[in-house]
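Construct all of the structure, not just a fragment, from the sequences and the given hints.
Read off the chains here:
Protein chains: 2
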Amino acid sequence: MPSDLFIVGGGPAGYDAAMAAAKRGIKTTLVEKEHLGGSCLNWGCIPTKFLLGAVASLAELEGQVKMKTASGQIQLDLPALVDRKKRHLEATRKAMAAALDKAGVQLVRGELKMIGAVKSVVTVGDEPQVFEYKRCILATGSRPAAHPGLKADHDAILNSGDILSLREVPKSLLVVGAGFIGLELAQFFSRAGSAITLVEAAPRIAPSEDEEVSKALHQSFKRMGWDIHTGVRIAALENAAGRARLVLEDGREFGADKCLLAVGRLPNSRNLMLEMLGAEVKGAGWVHTDEHLMASPTVYCVGDVNGRTLLAHAASSQGEWAVRHFAGELSDPYEPGPIPGCMYGAPETMRVGIMEAQAREEGMDVKISRSQMVANPIAQAHGATGGLVKCVWGEGRLVGVTAVGHGVASLATLGTVLVSQGWTHKQCEEFIFPHPTLDEALKAALLGPAA
Amino acid sequence: MPSDLFIVGGGPAGYDAAMAAAKRGIKTTLVEKEHLGGSCLNWGCIPTKFLLGAVASLAELEGQVKMKTASGQIQLDLPALVDRKKRHLEATRKAMAAALDKAGVQLVRGELKMIGAVKSVVTVGDEPQVFEYKRCILATGSRPAAHPGLKADHDAILNSGDILSLREVPKSLLVVGAGFIGLELAQFFSRAGSAITLVEAAPRIAPSEDEEVSKALHQSFKRMGWDIHTGVRIAALENAAGRARLVLEDGREFGADKCLLAVGRLPNSRNLMLEMLGAEVKGAGWVHTDEHLMASPTVYCVGDVNGRTLLAHAASSQGEWAVRHFAGELSDPYEPGPIPGCMYGAPETMRVGIMEAQAREEGMDVKISRSQMVANPIAQAHGATGGLVKCVWGEGRLVGVTAVGHGVASLATLGTVLVSQGWTHKQCEEFIFPHPTLDEALKAALLGPAA
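Chains as they are written, first to last, in this note's numbering: chain A, 1 to 451; chain B, 1 to 451.
No lab work stands behind these hints: they were computed from the structure.
All figures in this text were calculated on a predicted structure; none of them were measured in a lab.
Incorrect hints may have been included.
If several chains are the same, the list does not tell them apart, and a pair holds so long as it fits within one copy or across any two.
Stated by the list, open to error - Capping the alpha-carbon separation at 20 angstroms, the derived lysine-lysine pairs in PhoX-like fashion look like this: (1) Lys-23 with Lys-134; (2) Lys-151 with Lys-66; (3) Lys-66 with Lys-86; (4) Lys-102 with Lys-215; (5) Lys-282 with Lys-367; (6) Lys-33 with Lys-86; (7) Lys-171 with Lys-282; (8) Lys-367 with Lys-151; (9) Lys-113 with Lys-134; (10) Lys-23 with Lys-33; (11) Lys-23 with Lys-113; (12) Lys-426 with Lys-23.
Right, here's the structure in full:
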């Protein structure tokens, strides 16, 4: 019997869409080719948080050792950690499958081969099966990018998925790409004992972040002993007798036990023949969507694969929105408001809304106010005094917040509320922040002199 | 020359009032008898956070050891920690004095002896001096309570101020009083190595908190090996040859190297002859204030001493409000909105707004929704899966939030925004929480089934 809604991909976008559809009594089929939870649960957000959680004690101890208030030794058991992470992921996937079943969603384990307007072909086992539906939600996600000459061999040269299964901490780790994926994993392996060499083509690490944030991160990681090279181009990367060997265009060479390739992500839209539906596919395969997240008259396209915002919570929001649109609950364009982004570890970063450079480019009447983390007693108590909080004001209202330092990812949700509501200085002044908190670093930035 | 505003007490209420007054060009005198920063900076919020920050590595390691993913040894250097804390407090007090000076506030080091309507007597050095003013802000704060038979001798029986200067971790620590002060300090000494015995007269620990929060805390502390006795009355507490000896009314006896008395706080209003002004003084000396925070026609009374809310951020809010009222900027009654409260450490608690029991008492149409911390991946990553987030809904709007567990104090400010704005279920549903975060434990509670 045909479904009302046919969802392809069981990551955050597809899974949350399926649950939202089931809740509304919509007959729903969900196709997943590998693991429920997608990249986020299986090879991204969640496993990296398990790794970073496991070295949080080391990060805390670092702060106290620096202040000479404590000393000690902590031994990480990486095989045990990897196994525990694996058990957690398995249990979560099982719980997700059970939730889908309970909600009445038909879960198909298979791979989409060809998409059509109202029917699609899925390979289930080895057999092609045809599924019919009223509408489809395409939520096939993304995968680690590989470039010519920059390819994971899954032995010495690893992608961000491979490296999560390492059972031995490499003595030396070469990290290619200083976006959040590279930086979070480098932080983990650094604290676990790897010597880190970080290579980035852009002129600064965390190149999508505010410049002051990049600079503070750079200082922190230098203090952690990382060898950082920015604005460099790679001539060759190879597996030389089981070790990674990297040559820069300027001739410099680096060797390491392992290399992590973290050079961005690519959309999972290969061979789907989306163009047959009239969908527009851009660049490496990013699927263009209209203001209602539709790629064609019957196909929504949500999550990473549409290239809008490669973040799990953005994907979930889009997936749920598509269901509500399908259900006729809303018809206005999709306007999610400001979407926060974080990097976890020690230090952390957060960002939401419009950053300074963008605000200036757009010709806004921009004012900036700041606070330094060193002035916050909680940061002081943890011996982690680097970093800052930076507020961007446009026409007298808060339009953006970013921060870098101890625990600042915990400011992301609060910052999102304030930015999405466009708080004024007066509103901030009249609001009571609890004391003493890290949140007061945000308060200090909000109330600081704006210029 | 007489001041416009005469402020007594340099804690959060008085200091923030003085800075707010100076900013408005009000001629201001601030009297402080001991240390700028008051109890919060010198014997309360801040030093306890330094202690808890120093054992955060131990708390994190505990979580990993429990999961068998790490092992290790951490040695705290208590004298070094106490000295570092001392240096931080001194530097902060110096910065506060400099800020007052720069702002043009006259700082008088002395003790208020007698308060009058438009002039007061202050002992400066050994000399009484008379200060004249238009209005006074009384912000004299509170001090650790002592009861007959329950008195600190500052040797074996310590109050919450004394214990901060210990340079040796007691092998055993008896904690009398299971409010936040007792529980935070007990957490620190427990992780630093003391065997903890906790004694509380109320039927449960953290008796002012939601019952489910108390219960979860109790479980956590039991797992940490504490010997907890609730609903008990003390017959005797004494220093027996340099050790603390406690006898309960039921005859049971406990001995320990040290005893911490944390049995509440008392207002600093002794011998001020406030009654001469027509002020009403209640109970142990709590000063009654009207809807404009006034104790008499020329005297505002703010912070702990008025007994409204014994929290630093409430005190600051009141102090600033009094200045704005004096300046004629506002005339409506003081309505601060919901004031958050937290306990720090591992586990933590947070609370803001109306709790379940109060909401039911008030006859509201109450619904409760919850999430368990075990379902949050960040809590899982830290191996700290106890606790919950609990939302209280009244007439379809969020009226209260409380939580207990790993890092939940970071939910306090966010919770305060949501409660003060009275968010609906629909608003929560449409808001994008960043993933993965601890804040999603709040999201899960907000969106959970309400009954």
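Consistency of the hints with the structure:
In this assembly of identical chains, Lys-23 and Lys-134 lie within 20 angstroms of each other by CA distance solely inside one copy; the values are 18 angstroms within and 65 angstroms between copies. Neither within a single protomer nor between protomers do Lys-151 and Lys-66 lie at most 20 angstroms apart by alpha-carbon distance, with minima of 39 angstroms and 39 angstroms respectively. Proximity of Lys-66 to Lys-86 under the C-alpha cut-off of 20 angstroms is restricted to the inter-copy arrangement: shortest distance 17 angstroms between copies versus 34 angstroms within a copy. Within a single copy, Lys-102 and Lys-215 get their C-alpha atoms no closer than 49 angstroms, and across copies no closer than 32 angstroms, so neither meets the 20 angstroms cut-off.
Proximity of Lys-282 and Lys-367 under a CA criterion of 20 angstroms is satisfied in neither setting, with 36 angstroms inside one chain copy and 49 angstroms between copies. Taking the shortest alpha-carbon separations for Lys-33 and Lys-86, only the intra-copy value of 19 angstroms comes in at or below 20 angstroms, while the best inter-copy value is 59 angstroms. Taking the shortest Cα distances, Lys-171 and Lys-282 never come within 20 angstroms of each other, neither inside one copy (40 angstroms) nor across copies (67 angstroms). Proximity of Lys-367 to Lys-151 under the C-alpha cut-off of 20 angstroms is found in neither arrangement, the shortest distances being 44 angstroms within a copy and 55 angstroms between copies.
In this assembly of identical chains, the alpha carbons of Lys-113 and Lys-134 lie at most 20 angstroms apart only when taken from the same copy (18 angstroms versus 82 angstroms across copies). Proximity of Lys-23 and Lys-33 under a CA criterion of 20 angstroms is satisfied in neither setting, with 24 angstroms inside one chain copy and 64 angstroms between copies. Taking the shortest alpha-carbon separations for Lys-23 and Lys-113, neither the intra-copy value of 28 angstroms nor the inter-copy value of 68 angstroms comes in at or below 20 angstroms. Taking the closest pair of Cα atoms, Lys-426 and Lys-23 come within 20 angstroms of each other only across two copies (15 angstroms); inside a single copy the shortest separation is 41 angstroms, beyond that limit.
Checked against the numbered hints given earlier, this structure breaks hints 2, 4, 5, 7, 8, 10, 11; the rest are met.
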